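Peer 1: Note that the sequence shown covers residues 1499 to 1751 in this note's numbering.
Hints listed in this document are in silico derivations from the structure and should not be mistaken for laboratory results. Any given hint might turn out to be false.
[Stated by the list, open to error] As a list, the in silico DSS-like pairs of lysine-lysine whose alpha-carbon atoms are at most 30 Å apart:
1) LYS1554 / LYS1657
2) LYS1554 / LYS1505
3) LYS1544 / LYS1505
4) LYS1657 / LYS1737
5) LYS1544 / LYS1554
Every value quoted in this text rests on a predicted model; they were computed, and no experiment measured them.
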Amino acid sequence: MDWSLSKIIRIETGSVGVSTNDLNALLRLYEIGDVDYVRRLIDLAKATRQQSPWSKYRDSIPPAFFQFLEYEAAAFVVREYESFLIPGLLQTEQYAATVISEYKGNYSPRTIEARVEIRMARQQLLEQPNPPYLHFILDEGVVQRLVGDRDVRAEQLQKLVDMAHRPRVTIEIVPFSAGLHRSLGETFSILEFQDTADDDVLYFENARDALLTHNEADEISLYREIFENLRSISLGPSKSLAYLIRVAAEETP
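Work the whole structure out from these sequences, hints included.
Peer 2: Written out as structure tokens, the structure is:
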């Protein structure tokens, strides 16, 4: 078919979509003949050729994070642990703007605006008729750390309280009293999908880099185990909510 090697690599790694004609050719080459399976893959190929709602931000975010946004929008369960900052899905707009402008890098005002817009748009997941199940575990330092001024902090704490009351949102706090544990300093997300045939996705992000993997079953299993260990040393959902309510009340003028 006179394809370049780079085209095949991009298709096979999922970094680009694939036309139905190209997919049919590949399936014949790979000797995939099951009619129902082929039909499902063709339907998926057609769907991926549609414009992504995140496409307009492609130049403003790392490729791994762009892929993460696509996966997150389709996730059935999101599990996230944070050691340093409030998770993006729980941030207020002012908190997000402060983090992106002061912590994430020396970005232009345009890039900062785009990234804050992305962060707020991601939260529309929570407004769907059947939103995903969201399980957050936060180190106590995340809650106690001052980001921005006191008004930003008070608004952010109240949002955490409001979010924790939602039926599909769980927030748990790992207290300082838990001492050293194997996840201290870690930050990661695990995305799970309703179709059991779809691989889970593991995502890491720090101030300078982002990494996404969906084909490392052993590593994903390890981090799922770590997540459950964190739950075992957390305050639990009800005590975590009581803690957040108390801290928010202390911050309210």
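Peer 1: Run every hint past the structure and note whether it holds.
Peer 2: Verification of the supplied hints:
1. LYS1554 / LYS1657: This hinted pair holds, its Cα atoms lying about 28 Å apart.
2. LYS1554 / LYS1505: holds (23 Å)
3. LYS1544 / LYS1505: Answer holds: LYS1544 to LYS1505 is near 18 Å, not above 30 Å.
4. LYS1657 / LYS1737: holds (17 Å)
5. LYS1544 / LYS1554: holds (20 Å)
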